[in-house]
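Trainee: Below, each chain spelled out in residue letters.
There are 4 protein chains.
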Amino acid sequence: MIVVMKTDSSQNQLDHIINKLESANLGVHLSKGVQRTIIGVIGERKDKETMKMKIEAMNGVEKVVSILDSYKLVGKEFKPEKSVIDIGGVKIGGEEVVVMAGPCSVENEKQIVKTADAVKKAGAKILRGGAYKPRTSPYSFQGLGEEGLKLMALAKQKTGLKIVTELIDKEYLEIVCNYADIIQIGSRNMHNYSLLKALGNIDKPVLLKRGFASTIKEWLLAAEYVMKEGNHQVILCERGIRTFGEKTRNTLDLSSVPLIQELSHLPIVVDPSHGTGNWRLVSPMARAAVASGADGLMVEVHPQPEDALSDGQQSLTFDNFNKMMSEIVKIAEVLGKKVYSPGVAV
Amino acid sequence: MIVVMKTDSSQNQLDHIINKLESANLGVHLSKGVQRTIIGVIGERKDKETMKMKIEAMNGVEKVVSILDSYKLVGKEFKPEKSVIDIGGVKIGGEEVVVMAGPCSVENEKQIVKTADAVKKAGAKILRGGAYKPRTSPYSFQGLGEEGLKLMALAKQKTGLKIVTELIDKEYLEIVCNYADIIQIGSRNMHNYSLLKALGNIDKPVLLKRGFASTIKEWLLAAEYVMKEGNHQVILCERGIRTFGEKTRNTLDLSSVPLIQELSHLPIVVDPSHGTGNWRLVSPMARAAVASGADGLMVEVHPQPEDALSDGQQSLTFDNFNKMMSEIVKIAEVLGKKVYSPGVAV
Amino acid sequence: MIVVMKTDSSQNQLDHIINKLESANLGVHLSKGVQRTIIGVIGERKDKETMKMKIEAMNGVEKVVSILDSYKLVGKEFKPEKSVIDIGGVKIGGEEVVVMAGPCSVENEKQIVKTADAVKKAGAKILRGGAYKPRTSPYSFQGLGEEGLKLMALAKQKTGLKIVTELIDKEYLEIVCNYADIIQIGSRNMHNYSLLKALGNIDKPVLLKRGFASTIKEWLLAAEYVMKEGNHQVILCERGIRTFGEKTRNTLDLSSVPLIQELSHLPIVVDPSHGTGNWRLVSPMARAAVASGADGLMVEVHPQPEDALSDGQQSLTFDNFNKMMSEIVKIAEVLGKKVYSPGVAV
Amino acid sequence: MIVVMKTDSSQNQLDHIINKLESANLGVHLSKGVQRTIIGVIGERKDKETMKMKIEAMNGVEKVVSILDSYKLVGKEFKPEKSVIDIGGVKIGGEEVVVMAGPCSVENEKQIVKTADAVKKAGAKILRGGAYKPRTSPYSFQGLGEEGLKLMALAKQKTGLKIVTELIDKEYLEIVCNYADIIQIGSRNMHNYSLLKALGNIDKPVLLKRGFASTIKEWLLAAEYVMKEGNHQVILCERGIRTFGEKTRNTLDLSSVPLIQELSHLPIVVDPSHGTGNWRLVSPMARAAVASGADGLMVEVHPQPEDALSDGQQSLTFDNFNKMMSEIVKIAEVLGKKVYSPGVAV
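Chains as they are written, first to last, in this note's numbering: chain A, 302 to 647; chain B, 302 to 647; chain C, 302 to 647; chain D, 302 to 647.
One should not assume that every hint holds.
All copies of an identical chain are treated as equivalent in the list; a pair is satisfied when it fits inside any one copy or across any two copies.
Claimed, not checked - Subject to a maximum C-alpha distance of 25 Å in a straight line, what follows is the list of computed DSS-like cross-link-like pairs (lysine-lysine):
#, residue 1, residue 2
1, Lys377, Lys364
2, Lys548, Lys380
3, Lys422, Lys639
4, Lys377, Lys421
5, Lys333, Lys624
6, Lys639, Lys471
7, Lys638, Lys349
8, Lys307, Lys377
9, Lys548, Lys383
10, Lys307, Lys349
11, Lys377, Lys411
12, Lys421, Lys321
13, Lys451, Lys505
14, Lys373, Lys505
15, Lys471, Lys631
16, Lys548, Lys364
17, Lys529, Lys422
18, Lys373, Lys383
The set of hints was computed from the structure by calculation and includes no laboratory data.
Given these sequences and hints, build the entire structure.
Mentor: If you want it as structure tokens, here you go:
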């Protein structure tokens, strides 16, 4: 932390700040330059953010600059080697690009089983599907609830696919844990710290979507909430951010893939469906995501998108999904990775 | 809803869409222009958003344009006259500009009681203070919990101020209701629909902060979630949005004040503390908020900002708060409104 | 400038950086902390930005943090007292809130003269009007050119109002200087450094609108371009920034008013017309701008907005402008300022 | 264009609007729904945007919704087949992914010639280099001017590479045309319509970078400015947009690649250097760009990034560039495209 004093700050103000820092057991490194006096703050405190706010409130201070982000467990300095999350044999973060696919919402048995069959045949390893749906409008379909989870379990039984599904409230934690192999935290709940803490106390992988307006730092700190409680099985998921862009639902920020890989040991997957909101753009962005180095994909697929109860506009048909899979298999190869290819043991 | 067909769409595709609309009991108004065929969709469906997504998924469609937002109860068409929320005699939405003030977090008895005294003397009617704190970093102070609520109750008892405090989880709903006169939903939870539904079933005013990246439409739909369940006592609170701005914590969007007043009957207050993140900017923005027509203010005040456990950098001292109050009293007058002035019966 | 080294950086990398800094005549202040080695760079170089980029390119560097912005002449440290720009007796930056008003585009004699009369009667001191128009679409009205300037001159002659009009290209510099009392640089040209340099060499006040996506720092550096060449008569104009906001043309960032006043000695005015893009929001935002401390306003007024060749949707009628003026007169008073009131000598 | 009337609008207001539309030779398609009266406007006018603004200014109008964007020549409806821009035998928009590479600024003969040699060997076809530099700070290096162009010409002579370089002002149009094979318009000048019109009157390909805060529609309209004057040789270049992102210089919006390809016949290339501002992210984003379907890349390469006079932090060394090229060659193959591979005739 660096404290920059105002040009017209007084010696008294400076002394007052130094006292405050020292009484908090922090070291002080004073540097009087031509234009400014600058205080370098040395030492470690758990709550850097609070100390920063306090100093910013003091007279004579122009600004306080943070030097290091305040996450620890998610960082590469804590754990240099890449984390591989093992979901009953399906490994995310290793040399395989893992594909999660399925409908936005589970609607009925036929829909989910048919989709599970199709995506499995195309090479997906994990079935996605929403049973509890966070919707912007209270008048939109809110999901089938536990009934939806049961249908996913049925599809799992028939196909062997693992299940990822969203948890929107601590209230459903136990019930969702009964069915899911990975608990998904949606974009709107990335800042729901109460929910994150609860997930820190279970033994189940968590897929943490990036908040649609969250910075990289905030996203990593959200993962830190889960890990701090003891659950280190966190998979990050880039799903687009909100910008002024007028022709896509979100702006898919693929640079977050190599950035996260530089800062953190956690695996990162990409959701090009929410990232674009337009099925025509899903395949190109899926290819780009794999090329950028993503550890996996999460893609919406529906037998009949025009009848979907949610997100039809961004769902791939089976045919389009097959085509996408055949492309990303080859792109993964270029990076020395592989995508499961049916009929070939992986 | 307007469906715009692609130039090269076929008659078959058009027929297919019309069938789908008609089988959903929607009227169809076809308009073949020089450049495009356009389908006007007539009639009302609860879930417009889903139908929009379905049509967007269909072949031959270039885009679907919504004509009306999907909220109802929050809109002026549902209730043309302004809603006045009565908090035990303190009325928000009427001719008084109501000021809520207090520390970001409740820290101890002395701090909260002293602050309550000071802000009351300056004209505030409602005491703000956080007992359960949503913090970006898990290593930051998370609030005193129920102990904090008890201290607020003590301050209320001594000053007669009403209490507004944040609810971060359904788990604490009952306990927070025991103490609070207004339940605050923070910016990060504006999209927490599960929490919003729970608030719809209590009989207590809700202060709904705007999500830091939410559109006006999404904000109104969040209020709709509360109202749809039966609780019509909703107060909106503008608190700044996230932009590329580099020198403020958020960008305070004051145009939302007259916009909301045009679209909705709900009262709207402004939080210039979070809106700027810099105490030097709080008073100018408080004045601007009142001048723009806001129904109230929510301001962070701390006896010693440099010792605050959170948000010190954006908290006013008692002196600065007094000065701010003396200014907004006069600005309110210009608009034919009033701010409570101690010693004068209101 | 602070250089933060990577945890795993080598002594060689550190030495290499120190050598580079020292050979650029910069002092080095080394601080080896528990987690990181940090280099404080001491001394002044004109081109800080380049040195920052060079160091960022070096191996072993995690990041480089700037401590001070690179503007000088616009800053309060260069000139602590507020600058007052005198436009033939009309002073911007002093105790008067100066109002500039008029149509977006000059369309014909009747329109501009009638508007000049009306805004003068209501208290405006400066007539705005576009003769050269930057338009997003090449098919939109591009302005009357010099003919428009002549019509403004006529209106000036009849009313005594000063003239502010936009310069979109160096090609028209001389011609625009022949007519204008203030040269306006539009939002799209704030980054047109070639144009800014040309304005630095004339003796005429410049009204520099904020780029619609420019930071405060970039805006001040644009003013620095003008001042560096010798022209110190710069007036800044906040006109809204681009955000995800869906119901306004821009998001008016009023916090820039007190921010600029803290950082710079230059006066700042606000344009609530472009800032909102909706005439219904112009008056509330004009009031808010004055309450925030703005030195002036720039407002679009048209005799018949529905016939305007540009920006009709955000133009006030004469009646609405009169009403706005009567409100801001009183708000200016609250701040100890005044707005010219017809019939009263100022 | 669809006009949505307010619920409480009067018949008079409606008649007035219809009259205005009809007197502008526009057809009117009235639709009185349960909630709203809606006017469908039929027919073509060059200046749709102005008519939209006029109607928005009228009483009784809630909003006006555009149905079609106002560009023509850039659109696929005007020209369904992809445009291929031929730069003396190097074809952009065809089946080759064309790579443009070189330093941000031309600094001296050795630097530019050495870089030209290196990038040519790695497979680049076009040499980039700035001689006139738009810089945020007036104290930063502003380029060598014509001297820089002469050095590029020398490098061209020695390597056979084509030249792309930026034009920042009409003043230099002739001189830049004397040396450049492609004229680059930088992000800050995308809205400089005066410059765009000038480029419309020359016979030289234009590389039009996306404004850092421009929508897809605005970008296409900027291209329309050039094409409307007669020059149809326009290449679009995605280079990242400004968002709240805190760890990259810009957010590279790769979804613009398939989007542009759906809306326009113009080729589109990607600049991952400015798109990220961090050399560590350039190769992953270059791979992703090619995978998304881009027609080419523009990449900053410098013999010694730490000595670059601009943008060192985002420049690749020769080694890193070679590595990047070897990767994209293979990714292009997956898409059925090719990248020039030295030693192999293309």
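Trainee: Please go over all the hints and tell whether each is borne out by the structure.
Mentor: Right, here's what the structure says about each hint:
1. Proximity of Lys377 to Lys364 under the C-alpha cut-off of 25 Å is restricted to the inter-copy arrangement: shortest distance 16 Å between copies versus 29 Å within a copy.
2. Only between protomers do Lys548 and Lys380 lie at most 25 Å apart by alpha-carbon distance; the minimum there is 21 Å, versus 40 Å within a single protomer.
3. Taking CA atoms no more than 25 Å apart as the test, Lys422 paired with Lys639 passes inside one copy only; the shortest distance there is 16 Å, against 30 Å between copies.
4. With identical chains, the CA atoms of Lys377 and Lys421 are never at most 25 Å apart, being 34 Å at best within one copy and 37 Å at best between copies.
5. Taking identical chains as interchangeable, the C-alpha atoms of Lys333 and Lys624 are never at most 25 Å apart, the minima being 63 Å within one chain and 35 Å between chains.
6. Proximity of Lys639 to Lys471 under the C-alpha cut-off of 25 Å is found in neither arrangement, the shortest distances being 36 Å within a copy and 44 Å between copies.
7. In the homo-oligomer, the alpha carbons of Lys638 and Lys349 never lie at most 25 Å apart, since the shortest distance is 40 Å inside one protomer and 42 Å across protomers.
8. With identical chains, the CA atoms of Lys307 and Lys377 are at most 25 Å apart between copies only, with a shortest distance of 11 Å across copies and 36 Å within one.
9. When the C-alpha separation of Lys548 and Lys383 is checked against a cutoff of 25 Å, the pair qualifies only between copies, where the shortest distance is 21 Å, while the shortest distance within a copy is 36 Å.
10. Taking the shortest alpha-carbon separations for Lys307 and Lys349, both the intra-copy value of 22 Å and the inter-copy value of 20 Å come in at or below 25 Å.
11. Taking CA atoms no more than 25 Å apart as the test, Lys377 paired with Lys411 passes in neither setting, with 44 Å inside one copy and 40 Å between copies.
12. In this assembly of identical chains, Lys421 and Lys321 lie within 25 Å of each other by CA distance neither inside one copy nor across copies; the values are 61 Å within and 30 Å between.
13. Taking the shortest Cα distances, Lys451 and Lys505 sit within 25 Å of each other inside one copy (18 Å), while across copies they are farther apart (37 Å).
14. For a Cα distance limit of 25 Å, the shortest separation of Lys373 from Lys505 inside one copy, 21 Å, qualifies, whereas the shortest one across copies, 40 Å, does not.
15. In this assembly of identical chains, the alpha carbons of Lys471 and Lys631 never lie at most 25 Å apart, being 41 Å within a copy and 46 Å across copies at closest.
16. Taking identical chains as interchangeable, the C-alpha atoms of Lys548 and Lys364 lie at most 25 Å apart only when they sit on different chains, with a minimum of 10 Å there against 38 Å within one chain.
17. When the C-alpha separation of Lys529 and Lys422 is checked against a cutoff of 25 Å, the pair qualifies neither within a copy, at 38 Å, nor between copies, at 43 Å.
18. Taking CA atoms no more than 25 Å apart as the test, Lys373 paired with Lys383 passes inside one copy only; the shortest distance there is 15 Å, against 46 Å between copies.
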